[in-house]
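Chains as they are written, first to last, in this note's numbering: chain X, 1 to 245; chain B, 1 to 192; chain L, 1 to 460.
Hints were generated in silico from the structure; no laboratory data involved. All figures in this text were calculated on a predicted structure; none of them were measured in a lab. Some hints could be false.
[What the hints assert, rightly or not] Only pairs whose alpha carbons sit at most 27 Å apart, straight line, appear in this in silico DSSO-like list of lysine-lysine:
id : chain 1 : residue 1 : chain 2 : residue 2
1  : L       : 453       : B       : 185
2  : B       : 185       : L       : 124
3  : L       : 32        : L       : 83
4  : B       : 104       : L       : 272
5  : B       : 185       : L       : 83
6  : L       : 32        : B       : 4
7  : X       : 154       : L       : 365
Spelled out, the chains give:
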Amino acid sequence: MKIGLFIPCYVNAIYPDVGIATYKLLDYFGLDIDYPVNQTCCGQPMANAGFENEALTLAKNFDEMFGRYDYVVAPSASCTAFVKFNYPSILDSNHPCRTGGKIYDVCEFIHDIVKPAKLPGRFPHKVSVHNSCHGVRELRLSSASELNIPRYSKLKDLLSLVEGIEVFEPAKVDECCGFGGMFSIEEPAVSVCMGEDKVKNHIAAGAEYITGADSSCLMHLQGIVERNKLPVKFIHIVQILASGL
Amino acid sequence: MSSKNDIINNIRRHVSTEYDMPEIRVEAVKFDNPVAEFLEISRSVGGDAVMLKEGEDINTFIRALYPKAVTVATNLSGITIPSFNPDETDDPHSLDGVELAIVKGEFGVAENGCVWIPQNVKQKALYFIAENLVIVLDKNRIVNNMHEAYERIAASDYGFGVYISGPSKTADIEQALVIGAHGAKSVMIILY
Amino acid sequence: MSTKHAKSATLFIRNREQEQWHNETLWFVRQKRDNMAMRIPEWEDLRELAGKIKMHTVSRLDFYLEMFSSEAERNGITVHWAKDAREHNEIVYSILEKHQVKKLVKSKSMLTEECLLNPYLIEKGIEVVESDLGERILQLMGEHPSHIVMPAIHKKREEVGKLFEEKMDSEKGNSDPTYLTHTARRYLRREFLTADAAMTGANFGVAQTGEVVVCTNEGNADMGTSLCKLHIVSMGIEKIVPDLKSLGVFTRLLARSATGQPSTTYTSHYRKPKEGGEMHIVIVDNGRSEIKGDSEHVQTLKCIRCGACMNTCPVYRRSGGYSYTYFIPGPVGINLGMLKCPGKYYDNVSACSLCYSCNNVCPVKIDLADQIYRWRQNLDSLRKADRTKKLMSKGMKFLFTRPALYRTVLKMAPAINYLPRIFVYNKLNAWGYGRELPRFAGESFTSMWKKGKIRKTNKQ
């Protein structure tokens, strides 16, 4: 099986370590990974801001670039969800979407496809899991708090394989952190207010680290933590899962 | 009539996908002991409900609950405590000041503590205007849920009917729950 | 680049204590709703079913409306049809005039808010008394609801206490909710006893039987309608459900979703006029039938006005109902406002982080967030798109469709880390409002990959 690795634009530029951890982890499972170097952005920022038309070319390029792989794997639940759920309607009938059905967030991929019984890592810290909106309510990485369905969390399942870790969750377990792409700059007051509340809940849960499958949420929360000099650190979940590598 | 035609025609003009009526067959919650559930839920919604004990006299029971109530209204023949028949008045306004109304419920709903009362007094105002309301209900008439409830009333012909679940309440001031907004300040359901 | 919503929200949040109270209070209602939903094993099936019943009813609305009106008429009810708000108000007034009504007592109705009925009737010399406690408070204050189920949620008890001192002669300084509620009870009891007509909205209209169903906790709808000889119902065309069997599905969902109660205290079924009285139903379109043909937004017609989307919305909770420019706030209000007049109400479309929680709580499964996403796509053609966002989107497209340029930018980006703060944190940078910027890494993933720094090890 051939995997196309998608490293979203902001992860590429700001959090390359998340990309490296993703690669190492997939490599650890003996998978055949390719990284198409012409990749850029999935187009979600423009589309969510109301400019789907600006995302069309990107969607086409992405779909052509990644269409030939068996799986597309990305360390970002939100970008994954965008490709999975929005590409089929953005791409027209001249270009039927090929990637929507085979893109996975890296956690989802490891949990559902690789299904490892153990992980090499050790992470003797208290972490609070950030359940991102698109991870929960689009990709269904955990049971959404609004729904009356059996409770589960793929992220917590994976973290439970890491030695020494203590896993917590904040109050209002999957409430939005307020990032929301361009929402964060169009409604800065609400966005920051939501982020401050979120950070408070994570810290109250007893976290040394806030972790999650979406670096975008973490970036927003980290900006708040740094501005207010709060005592909590950030780490993407793959960095924890790959901590022994 | 023309506005009706305009509206109906406009609805027809705006063609949309036609969706079939789904079959309404819900595997709805059922209780091992619907009566126990009904009693519990009735209490949780701010009301009260009791099961009359074997041989216990309903009049003694009500009198003990409302020892000071002077203006008691009921049209139930089994009620012998001093009361007046509200059906004798033509003016619902005259019922203002009734301290206690005793009425009959048709059946109860276990899942939400509702009691169905198809209008069975002359002035339906009685159900709402009385300070306190006692609903007398046959303990064998408790259904599990609203699906069963509507099945029961499907064939009945009421001009007015109401499900009552507990006393009148509001939380419009700072979401603080207050019992006794406009209707009865207390509701007691007596199962017999 | 701020929308009106963003600006009002900034002001709302400035009073952080009030914002937190508002946020937490509505979150508590969301939690109560969750508790109810989790107690019903078939909850998700019920939502699915309710959504399907509504979609079916909407797609056959002409059929069901005719059935409803002929059944209602057979029961002795007079049915009126109003194309728009003006016609609705005229019909209501003509009925009141015919009966020489001086005082009208109303229970809560968002439709009459929509039609601006109260000012219209007051202008004609009719005394209009709102009887729902929250509505009455707002009426006395001259304000409108900030939430469709909890209209006065933005008011503090002290404000209500002050108002009642002035209007209801209550004790000075007493702002205990129980005391205030019971004061209002006494005052409104007098209004009920002296009213000439009662008006209600409708939660449901049952086509099969021609009856309307009204749900209240206070009992105000019933106090009014059981004392007055004249009952006027104002009902939107989308309130129809096919039959009692369907009604059973909705009455299980409504109160649980709205306030986290297993049922409202009173679920009243009005099928015939009371003895010696008259009952009128005004069926109102006011733009609704147009929505039926709009495949992207037709689902808003399923709405049963429970308000659950507001209680869960992280933006609504932190910005309050008045930050929206349409009279219905929150996720469903954003959509209904756009359907009413996009050129007027586009400011609300920014009030969404696309978290999708509204979709999950909606008892009839309206695709609320998806619709907001779709409205955003339309803003540009309405010439209402935000210019900064448009510029940024175009710029991103330019960059991201040129991989070589993108890689060059990735290389240069770290230099931004060393810019003096004043260049980065200023009024032009909304991110800097309360947040530090992320720092670009020394080397991007792509660059490391190209240099072969990321290599296969296959340790396992």
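task = Would you mind confirming whether the straight-line C-alpha gap from residue 185 of chain B to residue 124 of chain L stays at or under 27 Å?
result = Violated, because 36 Å separates the two Cα atoms, which is more than 27 Å.
- prompt: Is residue 154 of chain X close enough to residue 365 of chain L, meaning Cα to Cα at most 27 Å?
  reply: 25 Å, holds
Query raised in the report: Between residue 185 of chain B and residue 83 of chain L, is the straight-line Cα distance small enough, at 27 Å or below?
Result: Measuring from Cα to Cα gives roughly 41 Å; hence the hint is violated.
**Message:** Check whether the Cα positions of residue 104 of chain B and residue 272 of chain L lie no farther apart than 27 Å.
**Reply:** 21 Å, holds
With a cut-off of 27 Å on the C-alpha distance, tell me whether residue 32 of chain L and residue 4 of chain B pass. Cα-Cα ~41 Å, so violated.
Next on the checklist: residue 453 of chain L and residue 185 of chain B were given as a pair; does the straight-line alpha-carbon distance stay at or below 27 Å?
Outcome noted: The hint is violated at about 76 Å.
Original post:
Is residue 32 of chain L close enough to residue 83 of chain L, meaning Cα to Cα at most 27 Å?
Top reply: Violated. Residue 32 of chain L to residue 83 of chain L sits at ~38 Å, over the 27 Å cutoff.
The structure fails hints 1, 2, 3, 5, 6 (numbered hints given earlier, in ascending order).
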